[in-house]
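The lines below spell out each chain.
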Amino acid sequence: MPGPFAYIIWLVGLLCEAAVVVCALKRRAFRRYLLLNLYMASAALSELGRYKILALYGFSSKQYQYFYYYSDAILTIFLYFALCTLYVHVFSEMKAERYVKMGTLLLLAGTAIFTYAVVLQSSAKFVTHFVVELSQNLYFVGLVLTYVLWAAILKLRETRTRLIQLVLSLGVYFSLFAADYAIRNLYPQLSSVFVPIVQIFGLFLPLAWAYAFWRLPEEARLVPSRLAVIPR
Amino acid sequence: MMAAIILVCSIVFLLQFFVSYCRSLIAASIKHPLSAEVQDVTGIKNSATGDDFARVVQLLQLCPDRPEDRSGIQAIGAYFGLLGAVRASVARLIPSLRAWTETERGQCTYFAAVTLERRIAFSRDMFAQQLET
Chain A
1 MPGPFAYIIW LVGLLCEAAV VVCALKRRAF RRYLLLNLYM ASAALSELGR
51 YKILALYGFS SKQYQYFYYY SDAILTIFLY FALCTLYVHV FSEMKAERYV
101 KMGTLLLLAG TAIFTYAVVL QSSAKFVTHF VVELSQNLYF VGLVLTYVLW
151 AAILKLRETR TRLIQLVLSL GVYFSLFAAD YAIRNLYPQL SSVFVPIVQI
201 FGLFLPLAWA YAFWRLPEEA RLVPSRLAVI PR
Chain B
233 MMAAIILVCS IVFLLQFFVS YCRSLIAASI KHPLSAEVQD VTGIKNSATG
283 DDFARVVQLL QLCPDRPEDR SGIQAIGAYF GLLGAVRASV ARLIPSLRAW
333 TETERGQCTY FAAVTLERRI AFSRDMFAQQ LET
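Keeping their order, the protein sequence lines are chains A and B.
Taking the numbering used here, the leading residue of the first sequence gets 1, the next gets one more, and so forth.
Taking the numbering used here, the leading residue of the second sequence gets 233, the next gets one more, and so forth.
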């Protein structure tokens, strides 16, 4: 069973996810960033579901493991679509919504086919392995997409502070999880060490988004070229 | 091999995103003028220096915090640590990098002072609400 530390982190995570939705509602940003908020609401519901299954069946039960990995995969796909809505915001003046949506679906299908091809060669528990692999691959695809979006923000001189912070915090989150999955693949014996660290990583995104919604008005502007590590 | 490439890419991207994110937090707060009261408490008159950061953070910890402020100060704390590591290693060899880390550390302190001001205002509001009820 998880220890008190895991329960505290779990509770803090749940509260932070709820805080994002509350902050967005209070600042009237819920509809503008609808998918981001729906993702956070689903993440909070998923946490509650995980707790319920944990209490009913126990930590090492198959039910809990299935629920954990399947809900994680669904949430990752949800986050992937939320990232694509950030693309729509950045490219809003170009009226590129249709192309972004099409590209999103094509890339998701491509990632799923690649994952299918990899899993087909190696696994007996096909569906479960596919779900776990898809989730891992989507984290890396999400990371690359966020990096491309950040480059577009710099190139297009996007100045909306809130949007910039939402993108950058998502980039940090994807990088942390992609690095975590890579380390777990390289050193499987370290997996148990990384469990509490990953739980703490998971708090970053809701905290950063709650901050962005609460602290930054939609009208706030900054010069993005000054944020780049190498000044442009 | 693939996992190693993903790990390296992730770490490089992470550093880029993290530094840019922290600088965006600082940029959003740098225009906020400090009140005379916070200037007195922190000792920051004209420009903040990195040496004051620990003291301002200690003052911050004395005030009740809000969850939505927590990520900002924690991220800036980590960024300040990263700058300290750069200052103690690579920046010793490159004077321009040393000057850049000093400026960034000063801005981290300013961010902490702005957060302190917000927390003081928040505590005052709470106190006023309690008095009213």
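No wet-lab data here; the hints were simulated from the structure.
You may find that some hints are simply not true.
[Claimed, not checked] List time: in silico DSSO-like cross-link candidates among lysine-lysine, alpha-carbon distance up to 30 Å:
no., chain 1, residue 1, chain 2, residue 2
1, A, K26, B, K277
2, A, K101, A, K26
3, A, K95, A, K155
4, A, K95, A, K26
5, B, K263, A, K155
6, B, K277, B, K263
These numbers come from a predicted model, not from an experiment.
Violated constraints from the hint list, given by number and in increasing order: 1
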